[in-house]
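Q: With chain A fixed as given, assemble chain B onto it according to the hints.
So the chains spell out like this:
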Amino acid sequence: MNENQKLMQDLYKTTETKYDIFKEPEIAYLFVHQNKVIGSQLIPGLEIDTEELEDGINANITVKEGVIIHKPVHLCFGMFPETGVQKIIMRVNIKKNAKISILAHCSFPNASDVKHIMEAKINIGEGAEYSYFERHIHGIKGGVKVYPQALVELEKGAKFKTEFELLKGRVGLIEIDYETICKAGSVMDMNVRINGTKDDIIKIKETGNLVGEGARGVLTSRIAVRGNARAEVYNKISATAAYARGHVDCKEIIQDNGAAIAVPIVEVNHSKALVTHEAAIGSVDSKQLETLMARGLTEDEAVELIIQGLLS
Amino acid sequence: MGILELKNLRLILNGKKILNNINIDFKESHIYAIVGPNGAGKSTLAFTIMGLAGYRKIEGEIFFKGECINNLGIDERARKGITLGWQEPARYEGLTVYDFIVAAAKDKSTANVKEVLLKVGLNPNEYIKRAVDKTLSGGERKKIELASILAMAPDVVILDEPDSGIDVESLEKIFEIIRLLKSKGKTIILITHGLAVLKQAEYAYLMCHGEIIDKGPIKKISRYFGNKCIPCAHKNLPEVEGNIDE
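For the protein sequence lines, the chains are A and B, in the order given. Reading the first sequence from the start, the letters are residues 1 to 312 in our numbering. Reading the second sequence from the start, the letters are residues 1001 to 1246 in our numbering.
For reference, chain A alone in the conformation it holds in the complex (with noise of 0.2 Å):
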């Protein structure tokens, strides 16, 4: 084994998911150790340039027309260091009926000062899917600060999902910022789920805008924020198309001195959209706490299912 692919495997092995799937020809990966490619396979049909920057990497990433990758992409970006920067140039283009699905794996297990960046530009061809599973996986220092942007165009018929989940460690800071344009008859569905605790810092930013005929999308997010957490979700549709739906939907649990606002905001310019919001700010629901601690659990313990339900 040489030093990138025991590198590769220290990172993945922070994911806490079994390394063997790498030995799979069908699976596709590319793994980002800072600013170096340290492996990559690619399958027939999907192309992936990258470029080593002087802190991070350009990629460019293409699926090729009608051709549908049936298992996940994997790629996995990080660094072991416990300060640096990450940045993350990425160009995605989803050719006409075309199908993928990634699941991007984001590792900074020793950070006290790492700045993770992700600038990406999306195209999803018509008729195509693009599905982006964003699983974080962070140190107990608080110590990173995660700037993932996205601007996705959503062609006719398109289908978009993403989901942003921070499974372990703390946040640190993260500041979402994430805009799509959705053509006639595409659908989008984004989610982020973060649990926040201490001084961590929780700042979520979506904008789906509805622009074609029949174009549907959802916004939602689960946060909760213990300690002297903060969060703010500031999510936003807007359709200005017949038949366009839209919903956000926002639940955020505080408890200790945590701080949350939410702002859904629906906009709608046309008599035949419509567009519906919710939003709920409080602590965990009495009857739900009170019922679990009936059966035994103590209120820490009913707090925590009650969490890792809403965030699961």
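In case anyone wonders, no lab produced these hints; they're calculated from the structure. Model, not experiment: these values are computed from the prediction. Beta carbons are placed, not taken as given, at the ideal position from N, Cα and C, and that holds for glycine. Any given hint could be a false lead.
[Claimed, not checked] Here are a few chain B residues that face chain A, going by a calculated C-beta distance under 7 Å: (1) 1029; (2) 1084; (3) 1102; (4) 1104.
[Unchecked claim] Here are the computed lysine-lysine pairs in the DSSO-like style, where the Cα-Cα straight-line distance is at most 27 Å: (5) B:1080 / A:161; (6) B:1219 / B:1173; (7) A:287 / B:1080.
[Claimed, not checked] Computed footprint of chain B on chain A, listed as stretches where at least three residues anywhere in the stretch have a Cβ under 8 Å from a Cβ of chain B: (8) 15-23; (9) 94-107.
A: Then chain B, alone, in the frame of chain A:
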């Protein structure tokens, strides 16, 4: 002394007597019913026994297995062996049926979770991964709550309106569970204003305006369901006046 004893229990909220001078001695391995009209204080009594927030400032005493539990929290009472099933069970976004049951279970094996689901008439393969959320009907959530109680195996089970929102078939399944609990030596307290539920009990207490106004075998108490006549000073045509403590 029975397994659970209420002695001169009073609950006063905002200067109003919500429960007044309740004296009940619940014996082990018996099924009891607490009946009465809406607002009689039946659910309040259940919440007070369980020690829910807002129902803790009581006068009198609650003894469980001979120990005064007035100062114990909900979870401490539960770990001693008391639990409560709600009229309208809570919904939990994202929390699976499996996690909900296992959280309460003494035996945390998957086999046990499946077994208790089967006992309440739910197919484990269909339900174990589902969330205990709004996608389940009230009846399904009620059965899942009963499954969690079976897994917890407490000594005293209080069920608040077990027939609420339940179809006839499911109600018979719930009655089966109640009989199963009794066969295992548990004490069941049914809070109800339904005759069908009352008939599952062996002994009943009639409440009105926070007081026990009558008690006795089911045959005696069930007559109040026939003419809706409650023998106390608060209703028309009282047959008997005053409070019956003994």
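Q: Hints first: check each against the structure and report whether it holds.
A: Right, here's what the structure says about each hint:
{"no.": "1", "hint": "1029", "result": "violated (21 Å)"}
{"no.": "2", "hint": "1084", "result": "holds (5 Å)"}
{"no.": "3", "hint": "1102", "result": "violated (10 Å)"}
{"no.": "4", "hint": "1104", "result": "holds (3 Å)"}
{"no.": "5", "hint": "B:1080 / A:161", "result": "violated (47 Å)"}
{"no.": "6", "hint": "B:1219 / B:1173", "result": "holds (23 Å)"}
{"no.": "7", "hint": "A:287 / B:1080", "result": "holds (20 Å)"}
{"no.": "8", "hint": "15-23", "result": "violated (count 0)"}
{"no.": "9", "hint": "94-107", "result": "violated (count 0)"}
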